[in-house]
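S.K.: Protein chains in written order, with our numbering: chain A, 2 to 596; chain B, 19 to 109.
Just so you know, the hints here were simulated from the structure itself, not pulled from any lab data.
Computed from a predicted model, the values in this text were never measured in an experiment.
You may find that some hints are simply not true.
[To be verified] Calculated cross-link-like contacts (lysine-lysine; reagent style DSSO-like; alpha-carbon spacing at most 30 Å):
| # | chain 1 | residue 1 | chain 2 | residue 2 |
| --- | --- | --- | --- | --- |
| 1 | B | K104 | A | K80 |
| 2 | A | K583 | B | K39 |
| 3 | B | K39 | A | K108 |
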Amino acid sequence: MSLALLEAAADPSRPWTFAFIGITFTAYLIIGWRSRVRETRGFYVAGQGVPAIANGAATAADWMSAASFLGMAGLISVKGSDGSMYLMGWTGGYVLLALLLAPYLRKFGQFTVPDFIGTRYASSTARIVAACCAIFVSLTYVAGQMKGVGVVFSRFLDVPLEAGVIIGMFIVAFFAVLGGMKGITWTQVMQYFVLIVAFLIPAFAIARILTNGEHSVPQSAFLYSDLAERLNQIQLDLGFDEYTKPFTSESRLNVLFITAALMFGTAGLPHVIVRFYTVPSVRAARWSAFWALLFIAILYTAAPAVGMFARYNLLNSLHGAKVIGVEEVVASDGQALRSLYRLESPKGVDLNWAYNWQSTGLLSFDDIDGSGTISLAKTSAEATIDKDIIVLSTPEVAGLPAWVIALVAAGGLAAALSTAAGLLLVISSSMAHDLYVQFIDPKASEAKKMMVGRAMIIVAICAAGWFGIHPPGFVAETVAFAFGLAAASFFPAIFLGIFDSRSNREGAVSGMIVGIAFTAFYIVGNQWDTIFSVTRDAGFVRPWYMTRWFYGISPQGIGTAGMLLNFAVTLVVSRLTPPPPKEVRDLVESIRVAG
Amino acid sequence: MESDSVSENKSGREAFWRANKRLIFVLLSIWLIVSLGCGVWWIEWLNQYTIGELPLGFWIAQQGSIYTFVLLILIYAIGADRLERKYGVEE
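Isolated chain B (complex conformation) (with noise of 0.2 Å):
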């Protein structure tokens, strides 16, 4: 590379600062909506549906909401993996 590594290096982190908030964003605007929201918020709403044999507001709240925060730590792991490779910010 001829162009001053320091200063690519710099833009590199910046870009990667600003997808990761991003990602974090997507993923924590997910996290509020499933148990703030459905969870507690529209318990009763969601509560005229049901899931298998339970009330849908009270499977989210119980159970629904544990599953969802497993899989947007999965994803954000995958994710941040993902953008440190792009930007070239490993460790």
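Pulled out of the complex, with its shape left as it was, chain A reads as follows (with noise of 0.2 Å):
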């Protein structure tokens, strides 16, 4: 993407995105500096003195990363009614977390997730095959979180991508060694009204636009207004699916395992389960449960809309425009690099934002046959759309002022580092404290303890520092991965230790052990070519665990079996080896009980 040619869209919200960034990267400093701790209560768990409804709001800002607030809107309008598979797989999760997993975590009232697994089935194998996965599920998550970073810095500051993630890194860094839980907690409730902000005042803004000033409000534009019945006649006119029309993506049985899979790989996410250890209560734990989904609600209910909006404004206003001219981009070795297209609306509409927006690389045209109109009809596609400017461009298309450009700009940064935030705490807990400090050095002092963590958490922001500058093909398909093994290992381990005492050691660690080695296979084999970047002859025949051979289920799905492998296994295993010791039931006992 040129950067210089971006200052051309970006350019007068320049100041005001130098203003709100300045402003709230202030804001998270300070916040981080009056948070430091001093002893690992506080810097793993917050000291577990963190109310309730601000839980819910930093679990809401944990949750919602850069692809949450810049991706998701976009996924759903290329997606149509399928893209409910993310909608539910991401907010339903947290049933099953504040009913089945939350409150008892909390009455358990350790540090980390690998702490419950090898207290609960009293195995340090079980403790480091946790632990791994958590370093492993978080790391390919916070790849993309500093990669988000960068690339929010370099569209609307022009400053060169690697610079953005290393003062990413570097703000990230000073609240979270400083403060740890506690830094990192009171700037994701920060964090969250940023971001919830950002987000809903161009969907507000553009719900208004496209229903003439009847609905301000997205949920309610999205309901009533007849946008959903023009859209789905455009669609059909230009040859596609209705929008509304489901399985136009994946068949009823994959969209029901991918949702599935979603949710139970939610509920076993590391950095979510953890920040239900920091509230003062049992109880606390599932009021906060209540306010992270409310939160996450306001957002997860709004982005549907703005993703329907957003498709029936492109198609509407882009669809026949006329071509009144053509500029060559050309490179200084005198390469063409890119057309820029001059668009008219024959419907009067505003189209100068189609041209700042070329210049990204995200937009372009392509007037294939000549016509001196642009056609998106399915057989001769004329522009090509990339989703991740839906969001984005939503307040140009709406003609917002500038300053709320720029509050997108500081709503996606505050979107990408919480999520961030929470990963590295995770990675560098289970480093520290279920690695180091149980395994190597299991007698060091609290200073001891505190030094490993901070020094864990460096380690960390470099390690996610280095794939964000330098990011591995693969982490869009590791995403998937990361839910399913979620899904595969952690809930069974945590749901079962909890619900059925007689699950044991030799079950619990079977079962995760099939539960991911099943996952594992199943998704590095569908997706070998692109985890490694392989090119295949067009003779080459796929062996069969290359295909989709159970059942036909997509790799994003696959975690919902491997997680029904796991409790069958363990269910199993657990009942024809002898019960657990007498202190472990007795654990089982007391965490099932707040009193």
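Since each chain sits alone in its own frame, please combine them into the complex, following the hints.
M.R.: Here you go:
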């Protein structure tokens, strides 16, 4: 992407962007400084003193990543009805978390998820397996966040991507190293408010514009306006399926498996679970799950509306637009880079934004048939629209003032930084608390433990930054892996640890290993080519393990099958081996009830 | 109280756990029916009906299910508070 050209697109908003990012970053630094801690309980679980509603906001910011903020509405806009698998998958998991896991883990009250698994199954092996899974899941996730930070910086501030990533690393390092979980929590609370305001202002504005002022609330414009009907008609006219028609991208069975894998994966993600260790009581854990999902739902119910409005607006304004000029952009060595189309809408809509966004390379036109008008019909497709511009371009498409565009940039940064901080803490606590202190230096003093914890956060930040600058090609693919792995390993181990007192070490370890191995084998097999950047000749016949051999289930949904397998293995093996010792049964009794 | 407080507490704890499991079972059944049932498996059938200007199944999948999730957690938070008081097992 050419950054210099972008200046034209973002220019009037530049001073605003500097101002908003300056103000929010200063606030994060001040909060980080004020929440600095000196002991491990403060460092790993914020001293268990976070009020339920604050923890709800922090959890929401922790959960909603750069992908939720910038990418999800675009993804839904492209997938139509099938986009609901992400909406339900990434919210439905909170019901499982609130009812089945969070209150009991809070009663258990240690620092990490591997703490629980190691203690409940009285097994160092289980603890090591859990710690390694936590590190792997969080590392794949965090790479995407740091890249998101770099992208926002480079798009809106004309800073090179590398510098953007490094600035982001410095900010996170400051409050995470000083304040640990406490610093992270209170910055996340603030980041939630930044990101939700930044998402809702353009969402309300575009709802109002497209319904001619009849509806301001996106959720009600979605339900009561005739936009869906008009969009369905446009889609049919252009040769696509109706927007509201289900199962156009995946089969019914696959949508079911993917939705379930995302739900159970969400409930098993360590960076979300540990947030519930930070509240003062079991009761507060239940209530903060409610606040968390309420805060998340505000964005997640607005996103499908934004996705639909943006799709309607793009198709409606770009299809049939007249080409009034084409400028060739030529690189310094004389090579043609891209053609910039100047368009005019016969409907009288201002299409200046379409001209501006072409310089990012995320939107491009090609009048293939030379007719002088742009056609978006399925058979001709003279425009290429990257789904990532849906949220970012909404303010300009809706003709909103420059400061709103700046606000969206600050919101995207808040979303990426808050999620990155939560993930980094999990990586550092797994390395420092679960692996180093447990197995290498069990007699470490409190000061030593703190030092190792802080050092591991720095190691994790450097690793995340490195992956952010040099993203491995397989980041997108491995996110499916993160959810599948969490669903197939953590969820059954924690759930049975609480609800089935007969589950023992042998059962849990074999269940986790079978669940992970099956899921990993399936995903790596199916995505071998993308993960390792292999190109095949045309005649290559894929062996069975490189196909969707398990009932045609997509690799994104295979975590559901891995989880069911884990449940079956744990339950059967536990009953064929001796019951867990009395201390473990007493522990299970005690975590089930608050008092 | 003249009876043994430990054993009384034990029976309260067991009664709480049974009632708690029942509540969870009911709420998760609703969760399953609304999300994977109405939002995925029966969506095409539900789409023959409309709510507002949208097909019903589509609205449940993209909006209604999320509202239901929030409500289910709220009911559980209130319900579990009540059960703890009823069986005397608050923190």
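S.K.: So, against the hints stated earlier in the document, which numbers end up violated here?
M.R.: When the structure is compared with the hints, only number 1 turns out to be violated.
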